[in-house]
Amino acid sequence: MTNCPNLSAPEPVFSEPWHAQVFAVTVALNEAGRLDWPDWASMFSRTLKQHGLERELDGGDDYFNAWLETLENLLADQGTAASDEISNLQSAWEEAYLTTPHGQPVHLRQSG
Amino acid sequence: MPHDDHDHPHALLPPEPALRVKALETILTRKGLIDPEALDEIIDTYQSKIGPQNGARVVAKAWLDPDFKRALIEDATPVVADLGFYGRQGEHIVVVENTPKQHNMVVCTLCSCYPWPLLGIPPGWYKSDAYRARAVREPRKVLAEFGVTLSAETAVRVWDSTAEIRYLVLPLRPSGTEGLDEDALAALVTRDSMIGTGLPKVPA
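For the protein sequence lines, the chains are A and B, in the order given.
All residue numbers for the first sequence refer to the working numbering, where the first residue is 1 and numbers rise by one.
All residue numbers for the second sequence refer to the working numbering, where the first residue is 1001 and numbers rise by one.
Any given hint might turn out to be false.
[Claimed, not checked] If you anchor each label on the Cβ, the simulated ranges turn out as follows:
1. B:T1109 to A:Q78: 25 to 31 Å
2. A:S42 to B:V1136: 15 to 21 Å
3. B:A1144 to A:S15: 23 to 29 Å
4. A:N88 to B:Q1053: 41 to 47 Å
5. B:A1184 to A:P101: 51 to 57 Å
[Stated by the list, open to error] Stretch by stretch, here's where chain B covers chain A in the computed footprint (C-beta under 8 Å, at least three residues):
6. 31 to 42
7. 62 to 76
8. 91 to 100
[Unchecked claim] Once the Cα atoms are required to be at most 20 Å apart in a straight line, the calculated EDC-like pairs of lysine to aspartate or glutamate come out as:
9. A:K49 to A:E69
10. B:K1031 to A:E72
11. B:K1049 to B:E1037
12. B:K1031 to A:D58
13. B:K1031 to A:D77
14. B:K1201 to B:E1097
15. A:K49 to A:E72
16. B:K1061 to B:E1097
17. B:K1049 to A:E31
18. B:K1061 to B:E1145
19. A:K49 to B:D1160
20. B:K1069 to B:E1097
21. B:K1069 to B:D1181
22. A:K49 to B:D1129
23. B:K1201 to B:E1145
24. B:K1061 to B:D1183
25. B:K1031 to A:D84
26. B:K1141 to A:E56
27. B:K1049 to A:E16
28. B:K1031 to A:E56
29. B:K1141 to A:D58
Hints were generated in silico from the structure; no laboratory data involved.
For each residue, glycine too, the CB sits at the ideal point set by N, CA and C.
If we strip away everything but chain A, and leave its shape as in the complex, we get (with noise of 0.2 Å):
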């Protein structure tokens, strides 16, 4: 049975946490009515378009990136995150991150 290959391992769905919370959130917001799924996939298909110009894309992390960047495009254009305030938020969680000690959970403080 050694030689026998484990066809049947399964493979993670999301490699990544953050494909799964990307994921999510869009989901969510679909969900919510916030999101067309075709319109989304239309601006999906374009922004991969986009990215394989430039290389070869591989389904995994370059995927998720490709769909992140999608996502905050479209919550741009519709005025629901502008770009300086995700840049703003990003940069107070690195800061939670950094400033939190080891072990504990972070919390993003409340002026963030």
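Got chain A; can you put chain B on it based on the hints?
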């Protein structure tokens, strides 16, 4: 061995895109557009409740019940909804049946449209540029790389998914499976066999 606390003076900093996602989540949560608990539920659903086992159930039923199969091929969306497999994005599901004369294979050349309710989240290769470009151009070569060799009499038809229409392949029932029940049959149906890049397992 003394533990050196200075190795990890602060929480491990997640990668840059993860921080961007956290920023989006914070903005959307503060605006009341999303609920963090709903996010956890969506992730849990896709990680543990939705997956190829749903599609395998549909295939096994179709192999056993000709009336079910007929209804499925005519209009799969309400038939799978009856089993509790709804499209979250309101898409239509179309089932394409393999026959000795035609093998079906599914791709999404635009992005990665996929029958989520039946198969879960697509594997990495389905989302890769290589598969998306080559499935249409040289399907037999791609199939060979997946270990699928078809006889020369079997034509290959490639179906291009869209946001509105997602395809599921109904593979041929393997021989030697007469008398197997639905559970035993479902266990033979692999994810790839429902994308068309594989064949069902044969009973041991």
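Verification of the supplied hints:
1. Here the CB-CB span from T1109 of chain B to Q78 of chain A is close to 27 Å, well matched to the stated 25 to 31 Å.
2. In this structure the hint that S42 of chain A and V1136 of chain B lie 15 to 21 Å apart at CB holds, the actual value being about 19 Å.
3. For A1144 of chain B and S15 of chain A, the Cβ-Cβ distance of about 27 Å falls inside the hinted range of 23 to 29 Å, so the restraint holds.
4. Distance hint check: the CB atoms of N88 of chain A and Q1053 of chain B are about 43 Å apart, consistent with the given range 41 to 47 Å.
5. At roughly 54 Å, the beta carbons of A1184 of chain B and P101 of chain A sit within the given window of 51 to 57 Å.
6. Closer than 8 Å: that is the beta-carbon criterion, and the stretch 31 to 42 of chain A has 8 residues meeting it against chain B, so the requirement of 3 holds.
7. By the rule of at least three residues with a Cβ nearer than 8 Å to a Cβ of chain B, the coverage given for the stretch 62 to 76 of chain A holds, with 7 such residues.
8. For a cut-off of 8 Å, the count of residues in the stretch 91 to 100 of chain A with a CB near a CB of chain B stands at 7, and the three-residue condition holds.
9. Our distance criterion of 20 Å between C-alpha atoms is met by K49 of chain A and E69 of chain A, whose separation comes to about 13 Å.
10. Our distance criterion of 20 Å between C-alpha atoms is met by K1031 of chain B and E72 of chain A, whose separation comes to about 16 Å.
11. With a C-alpha separation of about 17 Å, the suggested pairing of K1049 of chain B with E1037 of chain B holds against the 20 Å cut-off.
12. Only pairs whose Cα atoms come within 20 Å are accepted, and K1031 of chain B paired with D58 of chain A is rejected, the gap being roughly 35 Å.
13. Distance hint between K1031 of chain B and D77 of chain A is fulfilled; the C-alpha atoms sit about 16 Å from each other, no more than 20 Å.
14. Between K1201 of chain B and E1097 of chain B the alpha-carbon distance is near 17 Å, which keeps this suggested pair within the 20 Å criterion.
15. Distance hint between K49 of chain A and E72 of chain A is fulfilled; the C-alpha atoms sit about 17 Å from each other, no more than 20 Å.
16. Distance check on the hinted pair: K1061 of chain B and E1097 of chain B sit about 14 Å apart at the alpha-carbon level, within 20 Å; holds.
17. Between K1049 of chain B and E31 of chain A the CA atoms are separated by roughly 18 Å; this keeps the pair inside 20 Å, and the hint holds.
18. Note on K1061 of chain B and E1145 of chain B: the hinted pairing is violated, with a Cα-Cα distance of about 29 Å set against a maximum of 20 Å.
19. Between the alpha carbons of K49 of chain A and D1160 of chain B the distance comes to roughly 16 Å, so the proposed pair stays at or under 20 Å and holds.
20. For the proposed pair K1069 of chain B and E1097 of chain B, the alpha carbon gap of about 9 Å is at most 20 Å, so the pair holds.
21. Restraint check for K1069 of chain B and D1181 of chain B: satisfied, since their Cα atoms lie roughly 16 Å apart, inside the 20 Å limit.
22. For a cut-off of 20 Å, the pair hint linking K49 of chain A to D1129 of chain B stands: about 9 Å separates their Cα positions.
23. With a CA separation close to 17 Å, the supplied pair K1201 of chain B and E1145 of chain B stays within the 20 Å bound.
24. Our distance criterion of 20 Å between C-alpha atoms is met by K1061 of chain B and D1183 of chain B, whose separation comes to about 9 Å.
25. Among the hinted pairs, K1031 of chain B with D84 of chain A is consistent with the structure: their alpha-carbon atoms are about 16 Å apart, no more than 20 Å.
26. For the hint linking K1141 of chain B to E56 of chain A, the alpha-carbon distance of about 19 Å falls within 20 Å, and the restraint holds.
27. For the suggested pair K1049 of chain B and E16 of chain A, the alpha carbons sit about 19 Å apart, so the restraint of at most 20 Å is met.
28. Of the supplied pair hints, the one linking K1031 of chain B and E56 of chain A is violated, its CA atoms being roughly 37 Å apart against a limit of 20 Å.
29. Distance hint between K1141 of chain B and D58 of chain A is fulfilled; the C-alpha atoms sit about 19 Å from each other, no more than 20 Å.
Of the numbered hints listed earlier, those contradicted by the structure are 12, 18 and 28.
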